[in-house]
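Visitor: Protein chains in written order, with our numbering: chain A, 29 to 355; chain B, 378 to 537; chain C, 299 to 731.
Because the hints were derived from the structure by calculation, they are not lab data. It is possible that some hints are incorrect.
To be verified - Below, simulated EDC-like cross-link-like pairs (lysine to aspartate or glutamate); rule was C-alpha separation at most 20 angstroms, straight line:
(1) A/Lys51 <-> C/Glu575
(2) C/Lys571 <-> B/Asp445
(3) C/Lys687 <-> B/Glu379
(4) C/Lys502 <-> C/Asp431
(5) C/Lys571 <-> B/Glu491
(6) A/Lys241 <-> B/Asp394
(7) C/Lys571 <-> B/Glu452
(8) B/Lys387 <-> C/Glu521
(9) A/Lys29 <-> C/Asp431
(10) C/Lys502 <-> C/Asp608
(11) A/Lys242 <-> B/Glu452
(12) C/Lys687 <-> B/Asp394
(13) A/Lys132 <-> B/Asp445
(14) A/Lys48 <-> A/Glu322
(15) A/Lys317 <-> B/Asp445
(16) C/Lys567 <-> B/Glu448
(17) A/Lys48 <-> C/Glu301
(18) A/Lys346 <-> A/Glu269
(19) A/Lys60 <-> C/Glu575
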Amino acid sequence: KLKFANYYDPTHLNSVLFEKYCKELNKKLAGKVEIMYYTGSTLLSATKVAAGVEHGIADIGLANLSYTRGRFPAMEMIDMPLGFPSGYVASHVANDFYNKFMPKELNAYHVFMFTTCPPNVIMTLKPVKKLEDLKGMKIRGPGRIGDIVKTLGATPVPIEWGDIYDSLRKGVIGGTMLPLETMKGTNSGEILKYVTSAWRIGSVYTFYVLMNKKKWDSLPADVQKIITDYNKDFLEKWPGEWNKIDYEGLDFFKKNGGQVITISQAESARWVKAVQPIIDTYKKELVSKGFKAEEVDDWLKFIRERIEYWHGQQKALKIPSALPASF
Amino acid sequence: MEKVFNLLQKVSTVFTDIGGVALTFMMCLTVADVILRCFNHPILGAYEMVALSLAIVIGFSVPRVSIDRGEVQMEILLERLSPGNRAILNTFTRILCIGLFVVIGYNLILVGNEFRSNGETSATLQIPFFPIAYCISVCCFLECFVFVFDIVKIWRGQYE
Amino acid sequence: MNEIIAGIVSLFVMLLLFTTGIELGFGMALVGFVGFIYLNGVHAAVQLVARDMYEVITNYGYTVFPLFILMGQIGFNAGIAVRLYDAANKFVGHIPGGLAMATVMGATGFKAICGSATATAATFASVSIPEMDRYGYDRRLSTGIVAIVGTLGCIIPPSVVLIIYGLITEQSIGRLFLAGIVPGLIIATLFLGIIYVWAKVEPKVAPISERSTWKARIRTLPEVGWILVVFILVVGGIMNGFFTPTEAGGIGTFAIILLAVIKRGITFKSYVKSLREALGTAVMILMLIMGSVILGHFITITNIPQQTADWVVSLPVNRYLVLFMICIIYELGGSFIDDLAFMILATPIFYPAILRLGFDPIWFGIVLGVVVMIGVVIPPVAVCVFVVKNITKEPIGRIYKGVAPFLASLIIVWGLLLLFPQLALWLPSMFFK
Ligand code: NA
Ligand code: NA
């Protein structure tokens with residue numbers, strides 16, 4: 029029996045999706061191994077998933093990098109505002125990145141997959157057409173998103189997830205920086221009026237599904253193969269699901285009278301320039317942790333190439349994406 | 378022996394008072410954050426600071442509360458036993474508790490080491506986690522000393 | 299041994315361990331630890347206990363305990379309870395059973411800032427019982443009402459019981475607070491009614507005391523006003539989103555300190571005393587939670603909660619009967635273990651079943667609150683009654699004669715809540731959508 033820990037509430041897309049994942053995988057495994065699924069932090073809470081899987085409290089775990097800031101320094105590069113146009117693209121880039129560089133911070137794990145949420149965008153009560161409009165605006169942003177909000181000139185407020193709707197309604201915050209998907213998830217689409225589509229600075233939360241390496245090595249080869257094949261299938265599906273709910277979020281927002289603001293190429297370049305210090309600071313941090321500057325530059329170059337490639341794939345395969353491909 | 382016990386008591390009291398200072402800090406920080414938020418200047422990372430202060434507030438107060446026997450216990454069976462049997466049973470539970478807190482305290486050092494080598498920090502202010510794990514570990518070991526002294530007190534007939 | 303059997307065996311072992319007089323929190327932690335070793339190996343288990351300890355005492359949500367408890371403790375040490383009682387006394391003291399009614403009103407007011415049932419019972423046992431003695435009240439009435447009046451704090455905000463429930467089940471504490479107000483006031487009103495009827499039927503029980511002048515009455519009003527201001531600040535601030543329930547603990551404490559400083563009701567010394575007392579209670583609760591978190595993680599991998607939920611839902615009986623049985627289990631469990639401890643222990647096991655049966659989680663929180671109210675006054679473990687007994691030296695049996703009619707009204711309200719969930723849900727639905 030294998031224990032799969034997921035910190036999400038049982039009703040969230042991520043929980044429902046992985047409940048299906050476990051059910052189907054269990055069918056394929058036909059009793060050779062059974063996966064027990066524990067959602068809603070009943071076994072491991074978000075901050076404990078990585079360590080809990082490493083030490084065998086659970087065997088498989090799902091969480092995102094922001095909960096253990098510093099633990100997976102190389103992978104955290106994917107959380108930088110590097111200009112991801114959709115969850116589909118970013119998810120594939122994250123997996124390519126892992127497969128290419130195999131960061132040693134993940135040596136204790138067998139990686140099932142990475143996926144990312146759709147890119148975080150600025151969603152506000154008052155229109156934001158240029159950087160200056162953000163000045164003095166209070167935007168919900170904990171952690172790294174807070175850093176981004178700050179370099180863009182707004183004031184980050186780390187309001188808790190459950191308080192977003194009320195805080196917006198009462199004007200405690202003037203906007204959020206989250207995926208469009210949350211418009212529906214938190215009902216904030218009823219209140220928010222504007223979305224500024226600046227996907228060139230699009231950043232994501234990177235999720236991982238990891239398994240304890242020792243436990244994985246102890247599984248028979250046929251079981252490993254079934255799981256690996258199934259993960260591949262699933263990875264094709266999951267990023268598309270993210271795009272879908274992101275689209276639904278946007279739809280909900282528009283139905284409630286919301287408006288998407290597209291910015292010009294020149295303005296977009298200013299935003300990109302504004303967030304550059306975050307990437308530079310992180311590079312310094314990585315160097316201080318013992319990585320080489322050239323190494324980090326390699327990563328960045330690779331990520332940018334893969335974004336181009338998968339953005340092309342998304343268009344070619346006609347995968348719908350919520351964000352317009354403007355600047 | 379008396380001297381060592383007095384020292385333990387003093388250290389535990391100082392620890393509780395540190396906890397009290399941390400609780401006062403927690404309250405003031407919350408009030409300041411709420412007020413400043415009205416004026417558009419929330420304190421960045423206030424939640425994190427408040428959460429991490431809780432470790433000081435609670436962790437540092439645990440030994441003193443145990444000395445004062447402030448935890449919830451059931452005494453239904455205990456009341457019906459002879460003093461000798463009661464002493465044996467109490468010693469037994471103290472030994473179990475020592476075991477528990479040695480395990481927790483020692484492994485918190487390991488967890489702290491892991492936090493330190495991974496460089497894990499809080500999300501917004503990037504406060505490192507490892508010193509907090511070490512602090513709680515120290516409190517757990519102090520708690521063990523309280524239990525050791527409980528055993529001494531039990532056999533001197535001063536426990537109840 | 300399969301997981302479920304291992305789980306059930308360890309729950310029995312735990313009950314046995316409890317009888318040895320071990321601290322309940324540590325007992326739960328030990329059983330969870332050993333169980334986890336059995337199912338998952340030593341390495342995972344030692345990591346689990348260390349990380350759970352770390353996580354519980356660095357959890358932002360739990361900061362609400364020391365803060366709200368400090369608020370009540372300061373109110374207690376600053377003599378706010380006494381002044382509230384005096385004020386109520388001036389208004390209703392002269393009507394039949396007036397002094398006992400003043401106790402209910404004073405305690406209800408005091409509950410608005412203090413979440414602890416025992417602290418309230420202790421305060422009023424030393425304040426209002428001597429007063430009632432002076433006018434020749436029957437000890438059955440005076441000790442009975444004081445023993446039960448503390449329980450109002452289980453559902454009148456800021457209730458520690460509701461905070462714990464909210465944190466365990468991840469329900470909004472703000473909503474739970476609002477949901478508790480109406481049932482809490484109904485119970486207080488029923489208490490007043492019972493006192494009045496009792497005093498009318500048996501006038502010897504509560505001799506009439508003197509009537510105060512309107513001048514004296516009006517002079518006490520600012521006292522009541524201040525508490526009302528703090529209560530409205532705390533509950534209103536939460537409702538309007540100015541601050542979260544967790545932050546409200548800090549705000550409320552600060553407001554009470556300010557109030558006490560202005561009224562010169564508090565010195566640095568009594569502040570330090572309040573801090574130490576608050577830390578004592580907060581540590582007690584958090585160590586219970588720490589134990590139950592460790593135990594809970596073990597119970598999770600035994601799959602007992604899931605199986606319980608599946609089983610309960612498949613039962614071919616009315617879901618209200620199932621709910622009734624669950625309440626009885628809480629009542630029985632709370633009779634042998636501490637009621638709060640049992641709630642912390644049992645809620646993760648039964649909560650999934652409650653959800654699956656389609657009951658409203660906020661409403662169930664209030665139902666549990668009333669269940670705990672009943673639990674803390676019925677024997678053998680009845681903290682509030684013990685406190686009153688210790689202070690008044692009155693035999694337990696006699697106190698229970700006084701408690702009985704009030705206890706009956708709690709059971710009635712519990713029944714009303716089952717029949718009319720709106721009693722709890724109406725107020726929160728007005729403010730949250
Ligand atoms: Na209360
Ligand atoms: Na009881």
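Visitor: So, for every hint listed, does it hold in this structure?
Guide: Hint by hint, here is what the structure shows:
1. Of the pairs offered as hints, the one joining A/Lys51 and C/Glu575 is violated, with about 51 angstroms between alpha carbons and a cut-off of 20 angstroms exceeded.
2. Taking the CA atoms of C/Lys571 and B/Asp445, the gap is near 14 angstroms; set against the 20 angstroms cutoff, the hint holds.
3. The straight-line distance between the Cα atoms of C/Lys687 and B/Glu379 is roughly 35 angstroms, outside the 20 angstroms bound, and the hint therefore fails.
4. The suggested pairing of C/Lys502 with C/Asp431 holds, with an alpha-carbon distance near 13 angstroms, which does not exceed 20 angstroms.
5. The straight-line distance between the Cα atoms of C/Lys571 and B/Glu491 is roughly 38 angstroms, outside the 20 angstroms bound, and the hint therefore fails.
6. The straight-line distance between the Cα atoms of A/Lys241 and B/Asp394 is roughly 45 angstroms, outside the 20 angstroms bound, and the hint therefore fails.
7. With a C-alpha separation of about 28 angstroms, the suggested pairing of C/Lys571 with B/Glu452 is violated against the 20 angstroms cut-off.
8. At roughly 39 angstroms between alpha-carbon atoms, B/Lys387 and C/Glu521 are farther apart than 20 angstroms, so this suggested pair is violated.
9. Using a Cα cut-off of 20 angstroms, the hinted pair A/Lys29 and C/Asp431 is violated, with the two alpha carbons roughly 67 angstroms apart.
10. Using a Cα cut-off of 20 angstroms, the hinted pair C/Lys502 and C/Asp608 is violated, with the two alpha carbons roughly 56 angstroms apart.
11. Between A/Lys242 and B/Glu452, the direct Cα distance comes to roughly 46 angstroms. Violation of the 20 angstroms bound is thereby established for this hinted pair.
12. Between the alpha carbons of C/Lys687 and B/Asp394 the distance comes to roughly 32 angstroms, so the proposed pair goes past 20 angstroms and is violated.
13. Proposed proximity of A/Lys132 and B/Asp445 is contradicted: the alpha carbons are some 49 angstroms apart, above 20 angstroms.
14. For the proposed pair A/Lys48 and A/Glu322, the alpha carbon gap of about 42 angstroms is over 20 angstroms, so the pair is violated.
15. Distance check on the hinted pair: A/Lys317 and B/Asp445 sit about 46 angstroms apart at the alpha-carbon level, beyond 20 angstroms; violated.
16. Of the supplied pair hints, the one linking C/Lys567 and B/Glu448 is violated, its CA atoms being roughly 25 angstroms apart against a limit of 20 angstroms.
17. Of the pairs offered as hints, the one joining A/Lys48 and C/Glu301 is violated, with about 24 angstroms between alpha carbons and a cut-off of 20 angstroms exceeded.
18. Restraint check for A/Lys346 and A/Glu269: the C-alpha separation of about 14 angstroms stays at or below 20 angstroms, so the hint holds.
19. In summary, the hint linking A/Lys60 to C/Glu575 is not supported, as the alpha carbons are separated by about 56 angstroms, beyond the 20 angstroms threshold.
Comparing the model with each earlier hint shows violations of hints 1, 3, 5, 6, 7, 8, 9, 10, 11, 12, 13, 14, 15, 16, 17, 19; every other hint is respected.
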